[in-house]
Amino acid sequence: MEIQGADMVRAAALLGAGIAMGLGAIGPGVGEGYAAGKACEAIGRNPKEAGLLTRTMLVGQAVSESTGIYSLVVALLLIFVV
Amino acid sequence: MVISDDLWVQAAAFVGAGFAVGFGAIGAALGEGYAAGRAGQAISHNPSLSDDIVKTMLIGQAVAESAGIFALVVAMLLVFKDVEGESLLSAFAYLGAGLSMGLAAIGSGVGSGMPAGAACEGVARQPAALSTIRTNMLVGSAVCQTPSVFGMVVAFMLLFIDWADRPFWPTWAALLGAGISTGFSAIGPGLGNGITANEATLGVARQPETSGTLTNTMLIGLTVAQSTVIYGFLVSLILLFIPKPESMAMVAWAAPLSAGICMGLGGIGPGIGEGITAAYAVRRVARDVEQNVLLTRVMLVGQAVSESTGIYSLIVSLLLIFVV
Amino acid sequence: MESVAKRALALTLAACLILAVMGRLAWAKGLALGGLVSVVNFALMAWLLPKAVGMSRRRSEGWAFGSLALRFSLMALALGLCLYKPQSLSVAACAAGLFVVQLTLLTDRFLPERWREATWGVNERWKT
Numbered sequence: 022m023e024i025q026g027a028d029m030v031r032a033a034a035l036l037g038a039g040i041a042m043g044l045g046a047i048g049p050g051v052g053e054g055y056a057a058g059k060a061c062e063a064i065g066r067n068p069k070e071a072g073l074l075t076r077t078m079l080v081g082q083a084v085s086e087s088t089g090i091y092s093l094v095v096a097l098l099l100i101f102v103v
Numbered sequence: 123m124v125i126s127d128d129l130w131v132q133a134a135a136f137v138g139a140g141f142a143v144g145f146g147a148i149g150a151a152l153g154e155g156y157a158a159g160r161a162g163q164a165i166s167h168n169p170s171l172s173d174d175i176v177k178t179m180l181i182g183q184a185v186a187e188s189a190g191i192f193a194l195v196v197a198m199l200l201v202f203k204d205v206e207g208e209s210l211l212s213a214f215a216y217l218g219a220g221l222s223m224g225l226a227a228i229g230s231g232v233g234s235g236m237p238a239g240a241a242c243e244g245v246a247r248q249p250a251a252l253s254t255i256r257t258n259m260l261v262g263s264a265v266c267q268t269p270s271v272f273g274m275v276v277a278f279m280l281l282f283i284d285w286a287d288r289p290f291w292p293t294w295a296a297l298l299g300a301g302i303s304t305g306f307s308a309i310g311p312g313l314g315n316g317i318t319a320n321e322a323t324l325g326v327a328r329q330p331e332t333s334g335t336l337t338n339t340m341l342i343g344l345t346v347a348q349s350t351v352i353y354g355f356l357v358s359l360i361l362l363f364i365p366k367p368e369s370m371a372m373v374a375w376a377a378p379l380s381a382g383i384c385m386g387l388g389g390i391g392p393g394i395g396e397g398i399t400a401a402y403a404v405r406r407v408a409r410d411v412e413q414n415v416l417l418t419r420v421m422l423v424g425q426a427v428s429e430s431t432g433i434y435s436l437i438v439s440l441l442l443i444f445v446v
Numbered sequence: 146m147e148s149v150a151k152r153a154l155a156l157t158l159a160a161c162l163i164l165a166v167m168g169r170l171a172w173a174k175g176l177a178l179g180g181l182v183s184v185v186n187f188a189l190m191a192w193l194l195p196k197a198v199g200m201s202r203r204r205s206e207g208w209a210f211g212s213l214a215l216r217f218s219l220m221a222l223a224l225g226l227c228l229y230k231p232q233s234l235s236v237a238a239c240a241a242g243l244f245v246v247q248l249t250l251l252t253d254r255f256l257p258e259r260w261r262e263a264t265w266g267v268n269e270r271w272k273t
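Protein chains in written order, with the working numbering: chain A, 22 to 103; chain B, 123 to 446; chain C, 146 to 273.
Pulled out of the complex, with its shape left as it was, chain A reads as follows (with noise of 0.2 Å):
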């Protein structure tokens, strides 16, 4: 069989696309759990501030998605632009 060169990138890339994907989805899967949990925890402390404590956990959750949100775009671009 003889390997041709464009092959090997792309298919290198598709592996990469994997790998990023899912070593990337760890993080932040791991971390918004532990705020969201923190969340709960506060909430179940003082239930008035419900609304603030959910919004506040929503916007760090959000923030710690960004890893993740990068691991698909690169995963995206290895797929359709290499």
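Mixed in with the good hints, there may be bad ones.
So the derived list for chain B, only partly shown, Cβ under 8 Å to chain C, looks like this [claimed, not checked]:
#1 V143
#2 A147
#3 A158
#4 L180
#5 I181
#6 Q183
#7 A184
#8 I191
Think of the hints as simulated: they come from the structure by calculation, not from any bench. Here the structure is a predicted model, which means the values were calculated and not measured. Glycine included, C-beta positions come from ideal geometry on N, C-alpha and C.
Place chains B and C on chain A using the hints.
For chains B and C alone, kept in the frame of chain A given last:
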């Protein structure tokens, strides 16, 4: 020297069996050791209860061991598999079966050790609630075993379906990817469920009269946290049952393998994270049961957001399978 | 603990008898073997694992691994026997039999109170 296909398949079956029973035993041993350690602490706090604590630990361990026994069954089937005349594709199916079962058993084994340990601690604190604590522990550990059931189902499909009519290129990558996808993605939910069940069991020990509400909240949290292993299972099914045309190109095998790795690894984080969320929610419900409805709602919102990276992984996997 | 083992054995025996009456002798024998090994495994665990209590974390994990290796090889032996003679011993039934103790523990909750008290160890001392 030419090595025949049969020999390769036989070797792959042995390696797969090693993966299954090795990882399965590691998971079960870590869980059991952890529970035994906490039982020791509990006994040192309250030595007069050592009999009840040891019994509680044993009941928890017996259930926690199920994932290991699943792995053992799969490993024995692999060892005794008759490989004569099997195509080379079976080698990858057996490797995938071993990975899927073994990795899935790690999370479940470690995870279900946690409620067992918590129950020992709880019995030492609140011996009057012995029966309620044990019930919650059993429910929690039994649910922790579910991710390993998904791993076992995939392993059985890889073992018993005849793949010989598929083209070797690129089906081998799909078979391996299917095993990796469910195997890795089961680790997260297994551990996460253990973290939640741990807090729920401690909570029941703190306030036995709220055990009904607590067990319900715990079950909601556990069910949502299991969604990533279901994604992993879905990707495995797609990889196994949607055949791809024969192709020698590297892209053709890189895409399914990558899809499996992507969904597998991507399932770990959200599984653990959602478990942590549910653990904190359950802990607060145990302190103030009136807050149950509000906390369940916040927990579900938080879990849904943590889920997003798992969904990204699913999307990327599906793109890799269908678009490339 | 003894009554859990007894109930698991009774459950196995009943299931075996039903299977034998139905004429599935290989299933009955496989199930009997699996159930027996499951109970022996539980008894071994009840004997070995309490010794790990009070050890340090690392040592208790090592001990658990050792006991697990012993008990798993026992179960592997039973499964291996079935796979070696699949005509007279059903592998699937043996695998199902290995979970008899777990089944007993998980279904215990649904039994009448009067039976449960003995096995579940609802401690009379602490009843209010």
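Enumerated hints in conflict with the structure, sorted upward
Of the numbered hints, all hold.
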